[in-house]
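S.K.: Mind assembling these two chains? They're in different frames, but the hints should get you there.
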Amino acid sequence: MIVLIADKFEQTGIDALRAAGMRVRVEPGLEDAALAAGVAESGCEVLVVRSTKVTGPVLAASPLLSLVVRAGAGYNTIDVGAASARSIPVANCPGKNSIAVAELTFALILALDRRVVDNAVDLRRGVWNKKEYSKAGGLKGRTLGIVGMGDIGHAVAARARAFEMRVVAWSRSLTDEAAAACDVERCGSVAEVADQSDILTVHLAATAETKHVINADVLNRLKPGSFVINTARAEVVDYRALADAMKSRQLRVGLDVYPDEPSAGTGTFADAIVKCEGVVYGTHHIGASTEQAQDAIAAETVRIIVTFAKTGRVLNCVNVRQPGADGWTLRVRHENKPGVLAHVLRELSLDGINVEEMENVIMAGETGACAHIRLDAKPRADTIERIRSGSGSILAVSCTSASA
Amino acid sequence: MNVLIADTFEPSGLADLQKTGCAVTYEPQLDAEGLLDFIADRDVDVLVVRSKRVTKPIIEAARNLKLIVRAGSGYDTIDVAAATEHGIAVSNCPGQNSVAVAELTVGMMIALDRRIVDNTDDLRRGVWNKKEYSKARGLKGRTLGIVGMGRIGFEVAKRAAAFDMRIIYTDVVHHAEAERLFGARHMNLEQVLTQSDFVTVHVPGGPGTHHMIGARQLAMMKPTAFLINCSRGGIVDESALAHALQANHLGGAALDVFEIEPTAGEHDFRDPIPRAPHVYGTHHIGASTDQAQSAVAAETVRIIHTFATEHRVLNWVNPVTPAMA
Ligand SMILES: NC(=O)c1ccc[n+]([C@@H]2O[C@H](COP(=O)([O-])OP(=O)(O)OC[C@H]3O[C@@H](n4cnc5c(N)ncnc54)[C@H](O)[C@@H]3O)[C@@H](O)[C@H]2O)c1
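Residue numbers (this note's numbering), protein chains in the order written: chain A, 1 to 404; chain B, 405 to 729.
These aren't lab readings, by the way, just hints derived from the structure by calculation.
Covered stretches of chain B, as calculated for chain A (at least 3 residues, CB under 8 Å): (1) 494-508; (2) 513-527; (3) 563-577.
Where a beta carbon is used, it is the ideal one built from N, C-alpha and C, also for glycine.
Just chain B, with the same shape it has in the complex (with noise of 0.2 Å):
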């Protein structure tokens, strides 16, 4: 089986695929007609990208593509619906991102409990202030509100729970192994909010969850409670956030994401939520780790190993009948 690989792939990765036997061609600098003219030139069965886009007539000029593999959870880049109509299936690796988010998102609880980026920023000026940073709370005893338990926020529960934290959650379903393990109990969201002292938010973007945390929701909560958002931008009322900052009732938050976010790596960024008083602000990094690519790559080989040898497409977004090598 013929794979070429068009994007930056981790070395491990490379090396597990051509264990399996597969002929492998690594092109991670292919611009989009550099893709075109390879795909439509050779004999290609799978494909692997990561942001590349796989455009239309890059899927027509394929002569024997049979699979598209996402190495990331997101396929908006790919053109899924000529994929489906040539009978090209594709699949992604959904959810090996999980670990690395909700490490940011206890990283970030701590920090906003005793106050990492003030103390740093304060020792580099030459000031010493040990009087106001000895103010923190502590996480054990302290009760985590999750609101949307899904991959990542049984994740994040599993860490709080070693920290000795109460966990509370919301969802639409109920996460019976999250309760069995680590004593999470389920409530509306209301509850979650006004008994949490700290609230982070792990549901699905899009109009469901548009600013789900907004003026109302956010006034529901302890004046001294912490608000994490490391999903997506529109989910938490930026403005909203801003007044009750503002207002100090609320403790602080910690946000990865916002609702206009530069699309490149480096920019202006004019938002004015990370300088408003008590938020810690990131770089939409949640995903970012060796170990997540890691986990994406091996799930990566697994897939076209599983499509290889028994004719199977895991994660498959676009059930097609796809021609079988």
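Chain A extracted, bound-state conformation (with noise of 0.2 Å):
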């Protein structure tokens, strides 16, 4: 199997992927029409990418592309619709950098406090300010407030604790008990979280739903000289909002994510916020960006390849249907021979009947099997008789509701 990593990768996982016979080519610097050309020129059957933004047309370059591994958690780089439409399936890597991301969250908390880069910037240039610089608030006794609990934000929550910091958190499916097994309040809603904290940090993935939870009214619910933390995604928080509130509210910001963010690796940035006035700090889209993280997560790309070449599952797939509850699921208890399933596939196609997923399993011994045959609807009753009677080598054949 040929394997393209269009981005920067750790050598350990490069090397567990040649221990496992893949044949991979590491081509950091390809983008847009030369990763297009790359990727049909190379005739990887699977892609991994970074931040490497893969596009309709890359995902069209070669019909033997069977995979994009997105070695990361976050996928919005990748047109997981377009690649859907060609039925190739996307997976990713989600919760390896989420310690990463959290000692981030921490750096830019405890920064901002403290104020460590402008103190940092006067004393390099021989200003001695400590009058300035003791004004700080310290962390223990205040109040965290988290927006999205998944790993990140759990992550974040256990540091607080160790700040003996009350944490109060907002996740659209957490529950009462969730949130006392990991020591935080639970709130009803963004609003509340925002009424409540004197820091606020989000980590909720990019979503239609989540663009934008962090706006104008959020904002200004903060107590001023609050401050507000974005590791997540650039779409989860308005920017415009944001800037505005750092004026009226005095907020201070640690930003990791912008609107408007180059996606190599160095350019020019042209992001006004981290220009304006108070105190705004802000990294390099760098959360997931640590040893500990690339080697969990080359670790993680590793064993999703091997997996999908030795058996073609695929772990951790992003854009495969979740099946509904309207389905109908056909049972086939069968022996062990060529043609009883072409069979079965025929007769359902007569009645007009689409297969969504099939799986077929061999029985010790090798001479029984058994099908489970996904369906979008019901056979006629004339069908299932056909499928029963029309092969010396049917045992038995049932059809269930999926909701049943």
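M.R.: This is the structure in structure tokens:
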């Protein structure tokens, strides 16, 4: 199997893939048209990316391409719609960089509280101003508000406890029990979190529902002088409202992501928010970028590719349809012989029924087999009867509703 | 009991003192002369100060004074000998800023690892360099070496443990609680220096620890390791540190304290060390948080309340037999 890695990747991961028999090509510089050409020319079946964009043309570049792995969690740099339309599964490595992001979140919180950047910059310029920098709140006893209690939210909460902070949180599916288990107080809404927080940090995935979750209303609920941290995705925060609230409420802001972020490793940065008056500290979208996280992600990427090569199964697939409750499952027990499944599928297609998923398991001894076939509609009774009687190798047929 | 507070003090502390039934006079603006006159003319049982000097003349002029409370830890601004001579007790509020210093220490550890200062500096100048800043190592699984497991060292260990760091330490005594709670392992200084990814110093200053971290000790550290000093300036040999950094024998350093610091608030600061490569400096702000100030205020209230109700002096620095109320 040929694997094209179109980003920087851990040597440990490359070595592991080669050891598993893959032909690995590492081309970290490829982008856009060059990436499409690289995919076509390499004949790769697996494409691995980190921040490199995977566009429709890249996905259409070669019929051999059968899996895209995002070596990281977020996959909004990949045109998943186009991948789904071409039946190319996309897999990611969720949760592997949670610790790294939680660490950066705390770096920004602590740096904002003590104004670490301005301290260091002043001392570099030969200015001593202890008077100004002696005004800090401290973390102990203050309230940290977490919006989004996934892996990262949990890792942030655990660290906040060690700082003896009070933690309040909102998350779509956070229950009172789950909140109690990690020692946080559950809020009913994002607004409620904002009402209580001295420091607000957001750890939501970027989706249609989470766009601008942190908006003017939420920001205007914060006490003057509060901190806002975004190490998630630019889309979840309304940056224009944030710039306004910085002025009107003297918010201190720590950011790792920006609406207009260069996709390349180096370049010019035009976002005005870091030049706003007040205390804004920014990093270069490096939340996930620690050796510890990269090692964990590389190991997961290898696991996905090796599993795919061996079994065809795609772990952590993000674009497989979640089967609804309204389908039907046909169970066929049969003799393990050629032509049996072809007979079953022919009768189904004559009935105009679409097969959605199927699995065929061979029993020990290899004479018997069992097929589970997921259908989009219920077959007619005479179709079932023809399946049962039309082949001497069919042992039993049953059909049940998936919701039953 | 009459209490004079002659420096700025937390409003919450003032209110709590009044609740204990003390007659509190709050005169933060008093200068040296004003303080002397005030204390000579009125009945003051307890004097509370922060940085204000309590000199021999003031102590001699005092009519009724029994206790001086330093709302903070260091008390070299108080003429303790004169107080002792006049049977006046002096007490302080040690350890109330441990959490503040520990927060800064951990903040600097992650700031160094993620290069927060350079990151922000570049973005402010319109430079995007994700490539360069993506090279951090992370805290989880790394080894933190604590030199001096006292009050501050313990608070640092507590926070580092939540970051899943391995904790080793050196101290003249063993810290059973840090070992039990955070798995901290006691070693000698050389072992701590050679094994750590981060070394943080929390021993007291003074001749016993002067240049405790010098050229020889820095050379033992890993070339990727970071050194943090939020204790006292003289403990780390700054010129040896500058050499080690220039020669890339060290990953970087964070310093809150310097061998020579300006005394007043605002000044020119010509020390070259904050300009050395990979050094993040702060303005001796380790103890300076509202939380630490509130903790000091609460401790001051506790001292005065105990003195008023039980005639006992807590945190007594000059055991004398004061004329009790
Ligand atoms: N940056 C700031 O603004 C700031 C604020 C408060 C305190 N400090 C400084 O922080 C340091 C630690 O304060 P603390 O409250 O934790 O003190 P502490 O007395 O509680 O702890 C000091 C520890 O160092 C150990 N120790 C002493 N000499 C040693 C030696 N030679 N070798 C190994 N261990 C030794 C002691 O046994 C003790 O456990 C002090 O230097 C203090 O002045 C700095």
